[in-house]
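Given the sequences, and given the hints that come with them, work out the whole structure.
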Amino acid sequence: MDLEKVCYGCFRGKSGDTPVCPYCGFSVDEEQPFLALPMGTVLRGRYLMGRVLGVGGFGITYLGYDLVLEIKVAVKEYMPSGLAIRHTDRYRVVQTGLRKEDYETGLERFLGEARILAKLQGTSNIVSVQDYFKENNTAYFVMEYVDGMSLKAYLASQGGKIPYDQALAILQPIMEALIRVHGLGLTHRDISPDNVSITSGGESKLLDFGAARFSSTDEKSVSVILKHGFAPEEQYSSHGIQGPWTDVYAMSATLYRCITGELPPDSIQRLRQDTLKRPSQLGILLPEKLEEAIIKAMAVKAEDRFPSMVAFLQAATGRDGRSVSSDVGEGREREALGNRGTQVKFSKKHLALKIAALAVCGTIIGIGILKLFSGIGVLTDAKTSEPLASASKSGSSKAEGSEAESSKAEGSEAESSEAEPSETEPNGNTQTDLNDYSNEYLNLFMKIPSDFEETEPGSAVFTSADGSCSLQIGFYTYWLGFPVYSLADV
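By the UniProt record's numbering, the letter at position 347 of the sequence shown is numbered 347, and the numbering carries on one by one without gaps.
Be aware that a few hints might be false.
[To be verified] Simulated restraints, written as ranges between beta carbons of each label pair:
1. A465 - G201: 52 to 60 Å
2. K447 - I71: 42 to 50 Å
3. A465 - E292: 16 to 24 Å
4. D433 - F133: 41 to 49 Å
5. G45 - Q269: 48 to 56 Å
6. H239 - H87: 33 to 41 Å
7. S124 - G318: 15 to 23 Å
[Said to hold, decoys possible] With a cut-off of at most 27 Å between alpha-carbon atoms, the simulated DSS-like pairs for lysine-lysine come out as follows:
8. K119 - K72
9. K277 - K301
10. K289 - K161
It is worth saying that the hints were derived from the structure and are not from the lab.
Idealized CB from N, CA, C, for every residue including glycine.
Structure representation (structure tokens):
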């Protein structure tokens with residue numbers, strides 16, 4: 001490979017001095033994030049850095065090229081916003097002086113999770129870590145590069161939704177892979193359509209374990225990861241107990257999004273008033289057992305959900321499972337499916353050939369709020385006595401649900417009277433003064449609580465006056481013609 005004439009957007013050779021690649025259209029003049037490594041940087045004497053695939057509040061992911069194996073890879077760099085900046089030499093990472101212990105703790109967790117994920121190398125349907133190391137006063141993952149399109153982009157190409165059997169064909173292999181992940185005591189915590197990739201061969205793969213954490217019921221505090229519509233209520237709290245049931249909710253929400261075309265309402269809003277509609281109420285025809293499994297898996301409170309992915313999968317598909325703890329190790333979830341069904345692959349006409357036509361830009365903003373939400377009344381979803389999965393019968397189901405909801409509301413009021421008072425108005429709305437915030441670099445305009453201050457200009461990281469709560473904005477830019485590697489939380 002002639003490094004002087006290589007395209008950093010696809011790592012193919014190009015002739016002449018033209019700045020635009022004739023193969024992928026990437027231009028060397030294209031502006032990269034200001035904290036990113038210079039294109040052409042070689043890490044560990046082996047990995048050539050190309051363009052940026054994604055930028056988040058906790059790091060940067062690059063397209064890379066393994067000079068030894070001569071293959072493309074994805075390289076994730078630990079770069080926590082507000083805690084570190086790039087040195088003037090453009091390579092080394094320098095701590096800002098704020099919360100140095102947080103930087104070091106995050107760095108060790110980053111490497112610790114890389115070691116766990118390296119054990120999953122070769123596991124079907126999971127993008128695995130191939131290498132990890134320290135350099136430039138920070139740390140790096142080297143991951144498998146997936147040449148395909150995200151499930152989010154695929155749904156858009158299909159009019160926003162797909163039939164339930166096709167959705168299961170995409171997600172069932174990932175659910176089975178997550179059983180092994182949970183067996184190691186690890187929780188993904190960021191499952192959504194943009195973190196599922198469909199390869200040109202029709203295989204689905206789960207991306208981005210940057211938000212992964214070990215499941216622990218006695219952990220005093222865990223970082224908060226929020227992907228609205230897919231995050232369960234325990235992820236809104238820094239003290240929420242998270243585990244396989246957390247991924248169960250997100251996986252069910254992803255399945256719901258695939259078959260209905262609708263983004264589920266935020267779980268934190270459903271605590272006050274559950275507005276989640278059954279697929280059949282939206283005119284979707286699907287097996288009753290599948291609808292029941294989806295609704296149960298998306299229960300607002302963790303104790304009302306399936307406790308494990310294998311239980312959810314069994315309820316949704318009817319497949320039998322058996323314990324194979326010797327295969328998945330000593331973890332919270334020790335079960336795996338005994339008989340894996342034949343993986344259904346898609347016709348290539350539905351997949352790879354559409355990627356070039358879908359080269360559009362999209363953005364996702366992830367907000368992490370490190371504070372326990374208090375004083376929020378709990379109202380669980382009403383259960384109908386005879387749930388119907390037929391769209392034509394949804395009317396009677398609604399009526400029965402209304403009666404049940406009314407009954408539960410009375411019980412909720414009684415329970416609320418015994419709870420400690422919260423600082424809310426009678427209608428449940430917290431009184432909070434908000435100030436306008438803008439960030440020209442991120443092209444971001446939003447409102448921030450008035451008692452929050454930005455840790456440093458332009459960092460998009462805020463802390464409350466008493467230091468007990470922080471708010472961080474993660475900004476991601478994706479080119480949907482390439483794989484999606486978001487960086488949530490490390």
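*Kindly indicate which numbered hints from before are broken by the structure, ordering the numbers from low to high.*
Hint check: 3 fails alone, others pass.
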